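A.B. asks: Sequence:
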Amino acid sequence: MRQEATMARGEIVINETFCQGCGYCQEFCNRNCVVMSVDKFGPRGNVLPVFANPESCNACGVCGWMCPHMAIEVYRYVESKS
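Per our numbering: the sequence shown = residues 37 to 118.
Just so you know, these hints were derived from the structure itself, not from any lab. Since the structure is predicted, the reported quantities are computational estimates derived from the model, not experimental observations. Check the hints yourself; a few may be wrong.
What the hints assert, rightly or not - DEER-style ranges, computed between Cβ atoms:
1. E109 - N66: 16 to 24 Å
2. A44 - P104: 41 to 49 Å
3. G81 - M43: 34 to 42 Å
4. S116 - T53: 32 to 40 Å
5. S116 - N68: 24 to 32 Å
For every residue, glycine included, the Cβ atom is placed at its ideal position computed from N, Cα and C.
Please build the complete structure, drawing on both the sequences and the hints.
C.D. replies: Dropping the structure here:
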């Protein structure tokens, strides 16, 4: 029986209402998936992060854990490689 290779992938959703623009998500993401935008602002005028490199995300959850405002939800899924 042949085993298929699997790879964890992730997606994050940033709640723009909760986000305060502190940048911890960007600072602690070692895969550079989250970056602070230069042209996207929250309802209070703060700079918002964007999920810029989804192909690099493995859903480790560090961005969500480090967010002091609980503005990030991390979703993990597994892709099979045939």
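A.B. asks: Flag every earlier hint the structure violates by its number, smallest first.
C.D. replies: 2
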